[in-house]
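Q: Here's the letter readout for the chains.
Number of protein chains: 2
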Amino acid sequence: MTKPSPHAPLSDAALDQLFREARTHAAWLDKPVSETTLRALADLTKNGPTSANCCPARIVFVVSPEAKARLEPLLSKGNRAKTMAAPATAIVAYDLRFYEKLDRLFPHEPSAPSWFTSSEAKIRENAFRNGTLQGAYLILAARALGLDCGPMSGFDAAGVTREFFPQGDVEANFLVNLGYGDPAALKPRLPRFSFEEFCAIA
Amino acid sequence: MTKPSPHAPLSDAALDQLFREARTHAAWLDKPVSETTLRALADLTKNGPTSANCCPARIVFVVSPEAKARLEPLLSKGNRAKTMAAPATAIVAYDLRFYEKLDRLFPHEPSAPSWFTSSEAKIRENAFRNGTLQGAYLILAARALGLDCGPMSGFDAAGVTREFFPQGDVEANFLVNLGYGDPAALKPRLPRFSFEEFCAIA
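Protein chains in written order, with this note's numbering: chain F, 145 to 346; chain B, 145 to 346.
Be a bit skeptical, because a hint or two may be false.
Copies of the same chain look alike in the list, so a pair counts if it fits in one copy or across any two.
What the hints assert, rightly or not - Only pairs whose alpha carbons sit at most 20 Å apart, straight line, appear in this in silico DMTMM-like list of lysine to aspartate or glutamate:
no. : residue 1 : residue 2
1   : K331      : D300
2   : K331      : E216
3   : K331      : E253
4   : K331      : D247
5   : K226      : E253
6   : K245      : E340
7   : K266      : D300
8   : K221      : E244
9   : K221      : E253
10  : K266      : E340
11  : K212      : D300
12  : K175      : D313
13  : K331      : E165
14  : K245      : E307
15  : K226      : E269
16  : K212      : E244
17  : K245      : E341
18  : K331      : D156
19  : K245      : E269
20  : K212      : E315
21  : K175      : D326
22  : K266      : E216
23  : K266      : E315
To be clear, the hints were calculated from the coordinates, so they are not data collected in a lab.
Pulled out of the complex, with its shape left as it was, chain F reads as follows (with noise of 0.2 Å):
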């Protein structure tokens, strides 16, 4: 069923959950994340638009203390103890692969592969693009679940890369820490720029 369009826009309440008052978390609330809520996050995620649908990520979350165990030494110091507290940890990766699904993902277009293939350098880079676009659409989905997110880019991803992604063509990009963050473990934001020190309407 089509909604009405256009939207509205959401509440103030929504846009500060989203993204006025959300703030990336450290420390944790003893509250676990079930897999129901994992399945109900890759579910919103995987709706978000990535080139001709391609779809290249492919996240493990990390949630045993086994795989914690595995990620722990992969991780730079100051990113290790609050990634071990937090109750799941997404290790975002991307399928340098990805242009063999679309026959699936995008089967109105047969020659759709050819857009990507053109060499090595240009299925990289769509891969990262929109594998990171992906990544960002989990971290808001994450927020819009209830969940807090704390992004992290501090690790050893040739090292992530073999110990979660052995098969080979997959590559860790960035990882995700989710939980409920206890707020009372913030300090204030930090700065942003002004509409005029990032954008420009031409």
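Mind docking chain B on chain F? Use the hints.
A: Positioned in the frame of chain F, the structure of chain B alone reads:
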């Protein structure tokens, strides 16, 4: 003011608007996007998380007939008509000298620039990853404000960089048409992966 934590999930109507029923649009209702709305969009977008708050995205909103005429020849043929018809097009770019602003954006850690500047490749990777995350925040912030989006990678990125960012250091990443989409012009949603096809729980 800090709201109670944990948050509740957003309403189903909000999840539909952001993810489940949101679609990439190519046909637009005859309804402009005001400068007020573009400023509100930027104001939400800028809150999203980036590595060390590095905020590398730079955005030009193409609105005027003159700016559209500069963009048109740089688009892939299949992207021209829908982009010229869109009320606005965001050129999402990234600043390769983003680390020069960390003294303001991450003031408590004077060594933060050195986390990014060990090589040109590292600078570029971080500008691209974080600038792309911010582009995804823009897409979802637009939907949160009731706008519809049409993101595109099909254009001459080097040409758009030369035309819209002639100062150097800022490079075009992708484009997002913005407006109020015509739901009557939508085709059925393309397939997505099942949970097991792109996710795992470890």
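Q: State for each hint whether it applies.
A: Verification of the hints:
1. In this assembly of identical chains, K331 and D300 lie within 20 Å of each other by CA distance neither inside one copy nor across copies; the values are 27 Å within and 42 Å between.
2. With identical chains, the CA atoms of K331 and E216 are never at most 20 Å apart, being 25 Å at best within one copy and 45 Å at best between copies.
3. In this homomeric assembly, K331 and E253 come within 20 Å of each other (Cα to Cα) only across copies, at 14 Å, whereas the closest approach inside a single copy is 50 Å.
4. In this assembly of identical chains, the alpha carbons of K331 and D247 lie at most 20 Å apart only when taken from different copies (18 Å versus 48 Å within one copy).
5. Taking CA atoms no more than 20 Å apart as the test, K226 paired with E253 passes between copies only; the shortest distance there is 19 Å, against 45 Å inside one copy.
6. Taking the shortest Cα distances, K245 and E340 sit within 20 Å of each other only across copies (15 Å), while inside one copy they are farther apart (41 Å).
7. Taking the closest pair of Cα atoms, K266 and D300 come within 20 Å of each other only across two copies (13 Å); inside a single copy the shortest separation is 24 Å, beyond that limit.
8. Proximity of K221 to E244 under the C-alpha cut-off of 20 Å is found in neither arrangement, the shortest distances being 37 Å within a copy and 25 Å between copies.
9. Taking the shortest Cα distances, K221 and E253 sit within 20 Å of each other only across copies (16 Å), while inside one copy they are farther apart (47 Å).
10. Taking the shortest Cα distances, K266 and E340 never come within 20 Å of each other, neither inside one copy (32 Å) nor across copies (27 Å).
11. Taking identical chains as interchangeable, the C-alpha atoms of K212 and D300 lie at most 20 Å apart only when both belong to the same chain, with a minimum of 15 Å there against 43 Å between chains.
12. Proximity of K175 to D313 under the C-alpha cut-off of 20 Å is found in neither arrangement, the shortest distances being 35 Å within a copy and 44 Å between copies.
13. In the homo-oligomer, the alpha carbons of K331 and E165 lie at most 20 Å apart inside one protomer (12 Å), although the nearest pairing across protomers, at 36 Å, exceeds that limit.
14. Taking CA atoms no more than 20 Å apart as the test, K245 paired with E307 passes in neither setting, with 24 Å inside one copy and 35 Å between copies.
15. Taking identical chains as interchangeable, the C-alpha atoms of K226 and E269 are never at most 20 Å apart, the minima being 31 Å within one chain and 25 Å between chains.
16. Proximity of K212 and E244 under a CA criterion of 20 Å is satisfied in neither setting, with 31 Å inside one chain copy and 35 Å between copies.
17. With identical chains, the CA atoms of K245 and E341 are at most 20 Å apart between copies only, with a shortest distance of 11 Å across copies and 40 Å within one.
18. For the identical chains of this complex, K331 and D156 are neighbours neither inside a copy (23 Å) nor across copies (31 Å), given an alpha-carbon limit of 20 Å.
19. Only within a single protomer do K245 and E269 lie at most 20 Å apart by alpha-carbon distance; the minimum there is 17 Å, versus 26 Å between protomers.
20. Taking identical chains as interchangeable, the C-alpha atoms of K212 and E315 lie at most 20 Å apart only when both belong to the same chain, with a minimum of 18 Å there against 38 Å between chains.
21. Taking identical chains as interchangeable, the C-alpha atoms of K175 and D326 lie at most 20 Å apart only when both belong to the same chain, with a minimum of 11 Å there against 42 Å between chains.
22. Taking the closest pair of Cα atoms, K266 and E216 never come within 20 Å of each other, the shortest separation being 32 Å inside a single copy and 23 Å across copies.
23. Proximity of K266 to E315 under the C-alpha cut-off of 20 Å is found in both arrangements, the shortest distances being 16 Å within a copy and 16 Å between copies.
Of the numbered hints given earlier, the model fails hints 1, 2, 8, 10, 12, 14, 15, 16, 18 and 22; all others are met.
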